Amino acid sequence: MAFRCKGGVAWVALLVAVAALASTAQGFPNPFGHEEFTESYYDETCPNAQSIIRSVMERHAAADPRTAPAILRLFFHDCFVNGCDASILLNATDSMESEKDAEPNATLAGFDVIDGIKSELERSCPATVSCADVLALAARDAVAMLGGPSWGVLLGRKDSLTASIDMANKDLPNPKDSLAELIRMFEKNGLDERDLTALSGAHTVGMAHDCKNYDDRIYSRFGQGGDSIDPSFAALCRHECEQKHDKATAPFDERTPAKFDNAYYVDLLARRGLLTSDQELYTQGCETGDLVKTYAMNGNVFFADFTRAMVKMGNIRPKHWWTPAEVRLKCSVANTHY
78 MAFRCKGGVA WVALLVAVAA LASTAQGFPN PFGHEEFTES YYDETCPNAQ
128 SIIRSVMERH AAADPRTAPA ILRLFFHDCF VNGCDASILL NATDSMESEK
178 DAEPNATLAG FDVIDGIKSE LERSCPATVS CADVLALAAR DAVAMLGGPS
228 WGVLLGRKDS LTASIDMANK DLPNPKDSLA ELIRMFEKNG LDERDLTALS
278 GAHTVGMAHD CKNYDDRIYS RFGQGGDSID PSFAALCRHE CEQKHDKATA
328 PFDERTPAKF DNAYYVDLLA RRGLLTSDQE LYTQGCETGD LVKTYAMNGN
378 VFFADFTRAM VKMGNIRPKH WWTPAEVRLK CSVANTHY
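Residue numbers (this note's numbering): 78 to 415.
Hints are not guaranteed to be accurate.
To be verified - The calculated label-pair distances, taken between Cβ atoms and stated as ranges, are:
| # | residue 1 | residue 2 | range |
| --- | --- | --- | --- |
| 1 | R385 | E197 | 28 to 38 Å |
| 2 | R136 | T239 | 25 to 35 Å |
| 3 | H316 | K396 | 20 to 30 Å |
| 4 | E116 | T239 | 50 to 60 Å |
| 5 | A204 | P308 | 50 to 60 Å |
| 6 | A204 | H316 | 46 to 56 Å |
| 7 | A347 | S172 | 48 to 58 Å |
| 8 | E135 | N251 | 25 to 35 Å |
| 9 | D323 | R143 | 10 to 20 Å |
| 10 | P203 | D292 | 43 to 53 Å |
| 11 | R136 | K324 | 38 to 48 Å |
Claimed, not checked - Below, a list of computed lysine-lysine pairs in the DSS-like style, where the Cα atoms sit at most 27 Å apart:
| # | residue 1 | residue 2 |
| --- | --- | --- |
| 12 | K336 | K324 |
| 13 | K289 | K247 |
| 14 | K336 | K370 |
| 15 | K247 | K265 |
| 16 | K247 | K324 |
| 17 | K289 | K253 |
Hints are computed from structural coordinates only; laboratory data are not their basis.
Nothing here was measured: the structure is a model prediction, and the numbers come from that model.
We put the CB at the ideal spot given by N, CA and C, even for glycine.
Sequences are here, hints too, so could you generate the full structure?
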């Protein structure tokens, strides 16, 4: 089985059996104890869990508007490395390097927010709510706070005892990836092209740090930008980079960078996507290109596909069912080190 854009733009071999990895919103077998993930998982054991998480998120977001985009990004970076198991939150130990120190994670933030949520949950219902579930719920609340959709989060994840900096360096999409490589990495996690295009819409909020993440776009063709970038946009970005160097920042969505909406896709149609991996979605003759046009014209379709894809991504689990897991008492350390 293979993927091909109409007109032969790209071929990508499927490396996994999609049927084996595809998830549903009706509950999903949980390798940690063979339970199912359900929205009602904590209804009896910690009925206030979701309201506690929302309250702490609102408090932090009011104090720092960067909070919500940071938490959403944390969830993505956790799930793509051996599933949604909160491994991204673990600090380094004498015997283990931290995923926080991987190159793609250098600018991650929001760890203190998750720690604050977990502290309040431990006071209310000790040793009950996993850090992985905290992150999933906080990401949902982050999107809603930014004006985006909300959805029912399937719960019951457990927390990994270990992290893998090697996997973090290898398994996270790169801002300079081609469409073919993006499709391959998403398919590896049971996510299809529709999921890829919808989930990339998370870049409708937040900022890129360091020009090295997008210099290939703005300096191609001898510093004028390539055919896939608006020349005035390339010049604007080059000016910012040359003025501020590695301190430069740029919004992924220049229209409404603090609002969760479909403006990101409008930018792509105008060839003003910041990252190569953003603009690659708008490849003519590919399903992703058609979806970019659809989402740019209809934000409701984008919201519906984004929520479905977030549930699906949230069901990515560790590759081996025997992976040791627990409910951490503190998100940054395994219980054996606490």
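The hints, checked one at a time:
no., hint, result
1, R385 to E197: 28 to 38 Å, "30 Å, holds"
2, R136 to T239: 25 to 35 Å, "31 Å, holds"
3, H316 to K396: 20 to 30 Å, "45 Å, violated"
4, E116 to T239: 50 to 60 Å, "28 Å, violated"
5, A204 to P308: 50 to 60 Å, "57 Å, holds"
6, A204 to H316: 46 to 56 Å, "53 Å, holds"
7, A347 to S172: 48 to 58 Å, "50 Å, holds"
8, E135 to N251: 25 to 35 Å, "33 Å, holds"
9, D323 to R143: 10 to 20 Å, "19 Å, holds"
10, P203 to D292: 43 to 53 Å, "48 Å, holds"
11, R136 to K324: 38 to 48 Å, "29 Å, violated"
12, K336 to K324, "23 Å, holds"
13, K289 to K247, "18 Å, holds"
14, K336 to K370, "20 Å, holds"
15, K247 to K265, "12 Å, holds"
16, K247 to K324, "26 Å, holds"
17, K289 to K253, "10 Å, holds"
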